[in-house]
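**Q** In order, the protein sequence lines correspond to chains A and B.
Residues 1 to 67 (the working numbering) are what the first sequence spells out, left to right.
Residues 68 to 460 (the working numbering) are what the second sequence spells out, left to right.
Wrong hints could be hidden among the right ones.
[As the list claims (entries may be wrong)] Computed cross-link-like contacts, DSS-like style, restricted to lysine-lysine with a CA-CA straight-line distance of at most 30 Å: (1) A:Lys28 - B:Lys135; (2) A:Lys45 - B:Lys378; (3) A:Lys28 - B:Lys394; (4) B:Lys378 - B:Lys396; (5) B:Lys394 - A:Lys9; (6) A:Lys16 - B:Lys394; (7) B:Lys401 - A:Lys16; (8) B:Lys459 - A:Lys28; (9) B:Lys427 - B:Lys442; (10) A:Lys45 - B:Lys354; (11) A:Lys9 - B:Lys396; (12) B:Lys135 - B:Lys105; (13) B:Lys289 - A:Lys50; (14) B:Lys416 - B:Lys401; (15) A:Lys38 - B:Lys396; (16) B:Lys416 - B:Lys459; (17) B:Lys178 - B:Lys193; (18) B:Lys289 - B:Lys178; (19) B:Lys416 - A:Lys38; (20) B:Lys193 - B:Lys289; (21) A:Lys50 - B:Lys356; (22) A:Lys50 - B:Lys351; (23) A:Lys16 - B:Lys396; (24) A:Lys55 - B:Lys351; (25) B:Lys378 - A:Lys9; (26) A:Lys43 - A:Lys16; (27) B:Lys354 - A:Lys55; (28) B:Lys135 - B:Lys161; (29) A:Lys38 - B:Lys427; (30) B:Lys378 - A:Lys16; (31) A:Lys45 - B:Lys356; (32) A:Lys55 - B:Lys378; (33) A:Lys50 - B:Lys378; (34) B:Lys356 - A:Lys55; (35) A:Lys43 - B:Lys378; (36) A:Lys28 - B:Lys396; (37) A:Lys43 - A:Lys9; (38) A:Lys43 - B:Lys356.
Rather than coming from a laboratory, the hints here were simulated on the basis of the structure.
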Amino acid sequence: MTYEQAYSKLEEISIKLTTDVGLDQAVKLFEEAIELSKVCYDKLKAAEGKIQVFKGELENLSPLKVD
Amino acid sequence: METIKLNITQLNTIIKRIIDAEEFLRVISVYGEVTNFKISAGNAYFDIKEEGASLSCIFFGASNLTIKNGDMVLLTGRLNYYVKTGKLSFIASKVEEYGLGELYKQFLLLKERLGAEGLFDEEIKKEIPRFAKKVGVVTSETGAVIRDIVHVAKKKNKYTDIIVYPARVQGEKAEDEIIAGLNYFENTDVDVVIIARGGGSFEDLAPFNTEKLVRAIYACKKPIISAVGHETDFSLSDFASDMRAPTPSVAAEIAFFDYEQTLQDLNDVIKKNIEDSSLIISSKQEKIKAQDEQILNQIQNIIGNNYLLTKSAMSQVLSNYTLNIEKQKSNLNKLTAVIEKSNPMNILKSGYSITEKDGKRINSIKNIDVGDNVKITLTDGSIDAIVKSKEKK
Chain A
1 MTYEQAYSKL
11 EEISIKLTTD
21 VGLDQAVKLF
31 EEAIELSKVC
41 YDKLKAAEGK
51 IQVFKGELEN
61 LSPLKVD
Chain B
68 METIKLNITQ
78 LNTIIKRIID
88 AEEFLRVISV
98 YGEVTNFKIS
108 AGNAYFDIKE
118 EGASLSCIFF
128 GASNLTIKNG
138 DMVLLTGRLN
148 YYVKTGKLSF
158 IASKVEEYGL
168 GELYKQFLLL
178 KERLGAEGLF
188 DEEIKKEIPR
198 FAKKVGVVTS
208 ETGAVIRDIV
218 HVAKKKNKYT
228 DIIVYPARVQ
238 GEKAEDEIIA
248 GLNYFENTDV
258 DVVIIARGGG
268 SFEDLAPFNT
278 EKLVRAIYAC
288 KKPIISAVGH
298 ETDFSLSDFA
308 SDMRAPTPSV
318 AAEIAFFDYE
328 QTLQDLNDVI
338 KKNIEDSSLI
348 ISSKQEKIKA
358 QDEQILNQIQ
368 NIIGNNYLLT
378 KSAMSQVLSN
388 YTLNIEKQKS
398 NLNKLTAVIE
408 KSNPMNILKS
418 GYSITEKDGK
428 RINSIKNIDV
438 GDNVKITLTD
448 GSIDAIVKSK
458 EKK
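Generate the whole structure from the sequences, applying the supplied hints.
**A** See the structure below:
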């Protein structure tokens with residue numbers, strides 16, 4: 001699942017919870033929402049981690065030395 | 068200033084002294100066409116002329132002299148001015164035929180004809196390679212010319228091979244031998260060919276002025292440097308060749324590149340290229356780095372925004388969920404209240420009771436008989452009773 005898919009599902013659940021869903025269904029939806037938000041946060045965290053790696057690589061780039 | 072007055076003898080004597088005093092006039096060569104030739108008392112008296120000038124000449128003891136009017140001659144001798152007659156004569160001590168006139172004319176005619184044919188055109192000149200690995204030389208194997216060339220070659224570059232094709236450079240066979248040399252080098256891997264000879268008279272240089280040699284040079288596929296005679300001499304081979312060198316030494320200077328200097332130049336060029344490219348690279352690296360950083364910032368912004376979005380979506384979920392639960396709870400409460408209202412136990416509080424038989428609620432006397440055991444439930448307990456009688460309303 002992509003970040004976008006997870007995020008839009010989260011939005012859908014949020015809207016669904018404002019309608020007349022039953023309690024069991026609400027609980028189920030809420031549990032699903034927590035899972036989805038976890039997916040979103042994990043993906044964001046991974047992206048952030050990659051940025052740190054790139055940043056490190058960027059720091060190590062230095063102009064060619066000529067003797 | 069007062070004018071000096073002289074008699075003729077005095078003036079002519081002064082003129083004679085001036086002429087006699089001039090050192091270079093004491094032995095000198097002059098050439099021209101013989102005219103007014105006559106022999107008198109065993110001496111020859113004649114003039115030599117060219118267009119616009121003539122000179123009277125005397126040759127003493129002319130018994131063996133074979134010249135005649137119209138001949139081109141080269142006279143060597145001195146000038147003599149006669150005080151008595153006020154005349155100037157050239158006293159020739161040596162008379163030579165001066166064939167150059169005719170030969171030179173032929174040379175010019177041939178040059179013009181071959182030139183008109185395009186054999187000397189600049190556009191057909193081949194480029195002399197800058198870095199020859201092998202140089203062919205057509206010249207005499209003895210003499211100063213080959214020595215000079217080898218000397219220059221060794222000085223400039225000991226790695227370029229030099230191949231000498233020995234050829235006579237003077238006399239009848241010279242022309243064919245020089246052409247044979249060109250033909251020989253045509254089929255070798257030499258990069259350039261030098262044809263050379265040292266200085267000499269116009270006649271000496273004749274083999275380098277022939278049509279056959281010019282055509283051979285024209286046809287040769289190798290670049291040719293011609294170095295014939297001294298700096299002031301021009302031969303047809305010079306015009307036909309891809310380059311003319313004023314002397315054989317200069318030809319060698321051109322053909323053999325300076326090895327050490329070339330190495331030095333190469334090093335300089337390489338060094339400069341490296342410096343230039345490292346400048347370019349580092350400037351490009353800086354640009355890329357700046358761009359990378361910009362991209363990273365943008366990505367970080369995107370991630371940050373998405374964190375916020377996710378967080379707000381989730382808190383929305385939580386709030387909607389809470390609302391949902393609250394709503395369910397309130398529905399339940401309402402329902403409970405309704406149910407509570409219709410709880411029969413509440414009725415019992417007002418003194419009503421429930422009669423049951425065998426666990427079933429009795430709603431009518433039809434369902435009960437006298438003597439039946441019944442259970443009567445009140446608000447605070449129950450009574451077991453036996454039905455004594457029943458009466459219909």
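**Q** Next step is simple, just say for each hint if it's right about the structure.
**A** The hints, checked one at a time:
1. A:Lys28 - B:Lys135: violated (140 Å)
2. A:Lys45 - B:Lys378: Measuring from Cα to Cα gives roughly 13 Å; hence the hint holds.
3. A:Lys28 - B:Lys394: Given that 30 Å is the threshold and the Cα spacing comes to 16 Å, the pair holds.
4. B:Lys378 - B:Lys396: Since the Cα atoms of lysine 378 (chain B) and lysine 396 (chain B) sit roughly 27 Å apart, the hinted pair holds (cutoff 30 Å).
5. B:Lys394 - A:Lys9: The given pair, whose Cα atoms are some 23 Å apart, holds under the 30 Å limit.
6. A:Lys16 - B:Lys394: holds (14 Å)
7. B:Lys401 - A:Lys16: holds (23 Å)
8. B:Lys459 - A:Lys28: violated (59 Å)
9. B:Lys427 - B:Lys442: holds (10 Å)
10. A:Lys45 - B:Lys354: holds (28 Å)
11. A:Lys9 - B:Lys396: holds (26 Å)
12. B:Lys135 - B:Lys105: Judged against 30 Å, a Cα distance of about 9 Å means the pair holds.
13. B:Lys289 - A:Lys50: Violated: lysine 289 (chain B) and lysine 50 (chain A) sit about 65 Å apart, past 30 Å.
14. B:Lys416 - B:Lys401: Satisfied, since the Cα-Cα distance of roughly 23 Å is no more than 30 Å.
15. A:Lys38 - B:Lys396: holds (28 Å)
16. B:Lys416 - B:Lys459: holds (26 Å)
17. B:Lys178 - B:Lys193: holds (20 Å)
18. B:Lys289 - B:Lys178: Holds, at roughly 22 Å.
19. B:Lys416 - A:Lys38: Violated: lysine 416 (chain B) and lysine 38 (chain A) sit about 56 Å apart, past 30 Å.
20. B:Lys193 - B:Lys289: Measuring from Cα to Cα gives roughly 8 Å; hence the hint holds.
21. A:Lys50 - B:Lys356: holds (17 Å)
22. A:Lys50 - B:Lys351: holds (24 Å)
23. A:Lys16 - B:Lys396: Given that 30 Å is the threshold and the Cα spacing comes to 18 Å, the pair holds.
24. A:Lys55 - B:Lys351: holds (18 Å)
25. B:Lys378 - A:Lys9: holds (14 Å)
26. A:Lys43 - A:Lys16: With a Cα-Cα distance of about 24 Å, the restraint between lysine 43 (chain A) and lysine 16 (chain A) holds, given a limit of 30 Å.
27. B:Lys354 - A:Lys55: Holds, because 15 Å separates the two Cα atoms, which is no more than 30 Å.
28. B:Lys135 - B:Lys161: holds (15 Å)
29. A:Lys38 - B:Lys427: Measuring from Cα to Cα gives roughly 57 Å; hence the hint is violated.
30. B:Lys378 - A:Lys16: holds (18 Å)
31. A:Lys45 - B:Lys356: Holds: lysine 45 (chain A) and lysine 356 (chain B) sit about 24 Å apart, inside 30 Å.
32. A:Lys55 - B:Lys378: Judged against 30 Å, a Cα distance of about 26 Å means the pair holds.
33. A:Lys50 - B:Lys378: holds (21 Å)
34. B:Lys356 - A:Lys55: Answer holds: lysine 356 (chain B) to lysine 55 (chain A) is near 10 Å, not above 30 Å.
35. A:Lys43 - B:Lys378: holds (13 Å)
36. A:Lys28 - B:Lys396: Roughly 17 Å between the alpha carbons, so the hint for lysine 28 (chain A) and lysine 396 (chain B) holds.
37. A:Lys43 - A:Lys9: holds (15 Å)
38. A:Lys43 - B:Lys356: holds (26 Å)
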